[in-house]
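Residue numbers (the numbering used here), protein chains in the order written: chain Y, 11 to 317; chain E, 11 to 317; chain H, 11 to 317; chain L, 11 to 317.
Because the hints were derived from the structure by calculation, they are not lab data.
The reader is advised that the hints may include incorrect statements.
One copy or any two copies: either way a pair holds, since identical chains are not told apart in the list.
Below, computed lysine to aspartate or glutamate pairings styled on DMTMM-like, alpha-carbon distance capped at 20 Å [to be verified]: (1) Lys-70 x Asp-103; (2) Lys-200 x Glu-248; (3) Lys-291 x Glu-134.
Number of protein chains: 4
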Amino acid sequence: MINKIEGLVAAPFSPMKENGELNVSAIPAYYNFLKKNGVAGAFINGSTGEGVSQTNAERKLQAEVWAEQIKKDDSPMKLINLVGGTSYQECIDLALHSQSIGVDAIAILAPFYFKPGTAKALAEFCAKVAAAVPEMPVYFYHIPVLTGCNVSMYDFLQEADGLIPNLAGIKYTHEDFMDFLSCLSFRDGKYDMLWGRDENLLSALVLGARGGVGSTFNYAAPLYHKLIKAYNEGRVVEARQLQQLSIDMIRLLGKYGGIATGKAYMRYVGLECGEFRLPVKNMTAEAYKAFEADVRALNMEELFSKF
Amino acid sequence: MINKIEGLVAAPFSPMKENGELNVSAIPAYYNFLKKNGVAGAFINGSTGEGVSQTNAERKLQAEVWAEQIKKDDSPMKLINLVGGTSYQECIDLALHSQSIGVDAIAILAPFYFKPGTAKALAEFCAKVAAAVPEMPVYFYHIPVLTGCNVSMYDFLQEADGLIPNLAGIKYTHEDFMDFLSCLSFRDGKYDMLWGRDENLLSALVLGARGGVGSTFNYAAPLYHKLIKAYNEGRVVEARQLQQLSIDMIRLLGKYGGIATGKAYMRYVGLECGEFRLPVKNMTAEAYKAFEADVRALNMEELFSKF
Amino acid sequence: MINKIEGLVAAPFSPMKENGELNVSAIPAYYNFLKKNGVAGAFINGSTGEGVSQTNAERKLQAEVWAEQIKKDDSPMKLINLVGGTSYQECIDLALHSQSIGVDAIAILAPFYFKPGTAKALAEFCAKVAAAVPEMPVYFYHIPVLTGCNVSMYDFLQEADGLIPNLAGIKYTHEDFMDFLSCLSFRDGKYDMLWGRDENLLSALVLGARGGVGSTFNYAAPLYHKLIKAYNEGRVVEARQLQQLSIDMIRLLGKYGGIATGKAYMRYVGLECGEFRLPVKNMTAEAYKAFEADVRALNMEELFSKF
Amino acid sequence: MINKIEGLVAAPFSPMKENGELNVSAIPAYYNFLKKNGVAGAFINGSTGEGVSQTNAERKLQAEVWAEQIKKDDSPMKLINLVGGTSYQECIDLALHSQSIGVDAIAILAPFYFKPGTAKALAEFCAKVAAAVPEMPVYFYHIPVLTGCNVSMYDFLQEADGLIPNLAGIKYTHEDFMDFLSCLSFRDGKYDMLWGRDENLLSALVLGARGGVGSTFNYAAPLYHKLIKAYNEGRVVEARQLQQLSIDMIRLLGKYGGIATGKAYMRYVGLECGEFRLPVKNMTAEAYKAFEADVRALNMEELFSKF
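Just need the whole structure built from these sequences, with the hints factored in.
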């Protein structure tokens, strides 16, 4: 099984050309950028990476290029590839491909058209995919706000434990801390619980979370490194201030239209990733100027990732 | 453009083998069954057809076999293929394939992971796909309970009209009759509004709906033919009684676990379609027996489709 | 028991003075206005009447003045008083008062803070109130969009039938036509099902509804009288056009901020009712001018109620 | 203004007689019980106290008896009285009464029938009530799961600051830690932010919360005292274990039907409070036995409050 992941796992954006095509040639620089900023892993083809807006061929291509970078560099960075979708056969196809190219772990989403109504149904779907790659660690990616599947993860673990021998843990992108702590406590901490809400990482750290997967770790890794360090060293007031700064930064996503604002932050820190694909809405050039001014006003230049 | 569709459009189930593989060899009999029962069209790869639970290759294969049947028979039956998904590129791929094999029209879903938040964003996504097959009629398939995209269709038509020249109409699977009538009235009835809630077809007929797309038309076409005839001939009390019977029949779907119950009804009328794929839950053999007794108690044998 | 109500039951606005106090002196003119426009009943202290925004003393006072008008005039108009709330004791207090002043029927809401989770719990709450006035007809007022109680009314009737001997029927303000028809059919039409969504009255008429309770019957009764007449006489195309006009009129409520727009319509037809109380937001004087222009553009002057 | 509250504020249950009448004679013993267990305040007539299920006369009576106990004892315990409702006039009436009997602070709910759609509308409603008692500290009680008003509290503070000079803070019963920390940080910590989700108190403590208002502090105060002490003294692993124990205890509320289970816990620790009123469902005697066994199995006798 995978060792539990400590530290920051970035969920990379999918770099796009101006014409909307996938720009895999940008990935080597992206990898170096994350590495330079002390990121412990990359969770690709997820929500931030617009996996669902890509073709399966594109998802495979991205996985190949990322895997190649990491291998070439003999990097300790972990590569997790989201293979989730609504067809378990397509999930299996992507999982087998991941295995064949040396990805470290796969992640599965709850199917998001027909939504499993019970923990059992969800576990059975995941088991079907996981069984195809029995040697690979498998994460469940819990993000009910997007999948519409609101099953409690504590209930899920009770169903999945045993049924999915290669279940490694959960990327937990939801605000139910009661459920999250229950999962951390489950079978003496058997599962790797990766926190997925950057804006309240501190509230997860105090419960015992050791790592997180997030989109803002792409461009503000130093902020979170500092926050974690402050927390670990008992400087909790500083940790709160840094968490508040992360919130101020994240609040701009709401102000400028949502998830696509992340790519605007990437442009800001110097790594152009192009635009999000439809149906996600991108910022206009004019809005970008206002955004840029708002970011400067945060006065946190040294906390952004360095290109 | 397509002529407006009158009468019943069935949304076929995808026939499966016992091992869960697609069983296209059952489609010719399925086609003859629908034809014999006076069905005007087939809306394939939709919710009932588990399009999202299939691979793209399977969706194409089904479309090919259905198109072949209809062509061979020189049938007036219309074939509509749902090409919807979350990646517009995959939608386009399916749309081009549909065009190449002689499908009559395609249908597009709102993307259901990243949900368009405005009518404009939704129209732009649909336009991207529709523009790839400018000679084909395109239906928008509105089913917010599954897609999570709650944009009003009246607003959508205002954005889409002009932007999508080949927009034919909407398969409307939602209970907003204010919105539905507004769409029927839009630009003097320009768009083909196909009602998608069999359980309240009568309430749509009175507003001017001429046709519907539904799953229960697969197995109870005579019931709805009789209902429409009664309504058209002014026997509204009879029409209500038939609608109530349709409701009693549909209520068993809730009682026996949802959408998969449709395939139990198919078995009941004599056309075995196998099971739904995960994550949809299927009825046990034991439950089927109880279901069968409940169906008999409806006392409506002559209103089921004849095999 | 009450006889079933046919025709339009208006849900009167609560007239307010400029200082926000209840203006009961306006009620006699209001009563005459409804009578002149052929309204069959008044449903007071409901959502339109802001019952929940008043003190119990004010609710009683309004009921008294309305009851007095109707009695004095020996009017066939039915008076239904909403006594719903979250405390069954306060509901009972209002119910007993209603009885003592000669109100024709009371109505009960689902409690809307702690929401009954089952039809049984809802029926038990209603039974507790109804038992206090065993000689009075009792309506259940189903409006889940405001109460948050989403229990199916078909299930409710199954629990309430027998348990609440004086249950007269349901004011049904929801879009579930499957549920509505099932209630109409329940025990051979035992219960009086009053439709509560003016914007799709036609879709309820075809199912057998004979009457409705609505806010727009306050100011556009002629429109709905004409619609019902057209439907009853088989002129369904005309009925649809009138329903569309009702929708166009109702759409302005959304455009101008919601429920308070109803009082702007009252001003427009000549019966000043003042403003809604907080937390409902009222239209500015400037917005009223734009609203007035929009109403004129509907070009339906002869379909508004005559003062 | 009120000083910020540190420690545990219990939200007392309303003691009821077997016949469902309010049993104020139980309040002196209740007060002593809380005092003995080191509780810093009592938040009466709230959700736990079923304020909305009582008449206004009962709410006043309870407030009087609680105020009398505290005064008589010259106790440092703070008394906060929820005066929230849907009619601002009734809220004002309760607020003035609270003031007249020496209650320390009042709390206001978002009106929960017509729900304020914006922070401004919510602030205006609260201001109307707060202005009636300008010398009293006022808390806003944020519990969107029950009120249906989902306005962000950070937005609310921006509107309310200045508009409501006597706003003391917020009882925050929601899981939005991003919003909560933003409120804690607002104007250098001007407002008293009382955490309202006992099951994740630890995640609030790390953000700077100093106190909480909760129902489980009624019967498990020692558990939370120990948790807070462990956290404050840097024994975070112990704090987590205690939080997990609190979760295990709270999970039984879900298992045994919800909020009424709290009164079963009170019986367990020796202070009989009777039943919840309709529409809340109470445990049967049989279920109580199973519950009792489950509670014993938690093996935390020494962490329950001592009677």
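Right, here's what the structure says about each hint:
For a Cα distance limit of 20 Å, the shortest separation of Lys-70 from Asp-103 qualifies both inside one copy, at 10 Å, and across copies, at 17 Å. With identical chains, the CA atoms of Lys-200 and Glu-248 are at most 20 Å apart between copies only, with a shortest distance of 18 Å across copies and 31 Å within one. In this assembly of identical chains, the alpha carbons of Lys-291 and Glu-134 lie at most 20 Å apart only when taken from different copies (10 Å versus 35 Å within one copy).
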